[in-house]
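Use these hints to put chain U onto chain W, whose structure you have.
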Amino acid sequence: MKLLMTASQIRGLPVVTVRGGEDLAEVRDVIYDPEAGRLVGLTLNKRGFLAGRCREVLPAEAIHAVGQHAVMVLDESSLVAPEDAPGDVGRPATERNVLGNDVLTEGGTSLGKVTDLVLLVGSSGEVVGYQIDKAGGGLGYIPLPAQVSVSGVALVVPNLTGDFVQDDLVGLGAAVDEFRARLGLK
Amino acid sequence: MSESFLRSTGRKVISRASAKELGAVNTLLVDVEQRRIAAVVIGRGKNAHLVEWAQISGFGPDAVMVVDEGALRPPADDREAAAIEGRLELVGKRVLSERGNELGQIGDLTFDAHTGALEDLLIGDLHVPAGSLLGSGSYAAVLDKSQEPS
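Heads up: the sequence lines are chains W and U, in that order.
Taking this note's numbering, the leading residue of the first sequence gets 1, the next gets one more, and so forth.
Taking this note's numbering, the leading residue of the second sequence gets 1, the next gets one more, and so forth.
The set of hints was computed from the structure by calculation and includes no laboratory data.
Do not rely on the hints blindly, as some may be mistaken.
One-sided and incomplete, this derived list gives chain U residues near chain W with beta-carbon spacing under 10 Å [said to hold, decoys possible]:
hint, residue
1, 134
2, 138
3, 145
By construction, the Cβ of each residue, glycine as well, lies at the ideal position given by its N, Cα and C atoms.
Excised from the complex, chain W in its bound form:
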């Protein structure tokens, strides 16, 4: 049974050092690579009364764990200047936004529109699914296969995904492993 949370739930969480117990910043936004299906990093806000955008970013590689109540990093050196961050963490996310994309199966059925990312709690930020606004109405949750094609307009997923639409995060947590096993992923 996996414990999951959405990217919206991660926004605002404190970023806390394991070694020092200090809150360095809080999560502003989740930067995601939809083609690779993985988190690239987090942008940050300052904590406290001087709240505002924090120049430093947190690359996914430097995340110790994403938990229900905090994002853990080892120490201050985990936060880096955008120009020193690997990949695209420092760049704006607009052109690779998956939110609002239509989720289409390979067979051409629309399952709904992506409204949020779903991450595995306790991991270093593994993205395991999407929250969708279901074609038939209401929120649903789908597991994420390893590879998807994504255009910024639509996201193509295996037909099998249609059998795995869940009503809540608990259901998705229980379904992720079976979904991956059925697809032949580990």
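Only chain U this time, still in chain W's reference frame:
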């Protein structure tokens, strides 16, 4: 002998050399990295002083004995000043697992009255071995993942 943080606060502090009462235990300064009591804080505010653990001749059930009055010193750095103001206090601090989940608050801690080594942290009904403490600061104390309910 095992001693508790909560039980030892308020205990009188006596000079072994002069038998004079020097004050009462306000709080204890914990060295999180070494997982031991680094110093005893006596008095409050501007009158607060520290006594290094090595200068304590006996951490007894009725009194804390220090070698002499010369063992009392003012805070030497920012960390000690913060300790006197209670900002480094472990007891009452929020507890996070290294996986980022809240586990509760530290209610009390126990230590060896002879060596000053931390023994257990009390979090709710749980006794957590001090060896699980990875770090502590202004926001939280962080425990290793062995303390996370799976």
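I'd like to know which numbered hints this structure contradicts. Please list them from smallest to largest. Those not satisfied: there are none.
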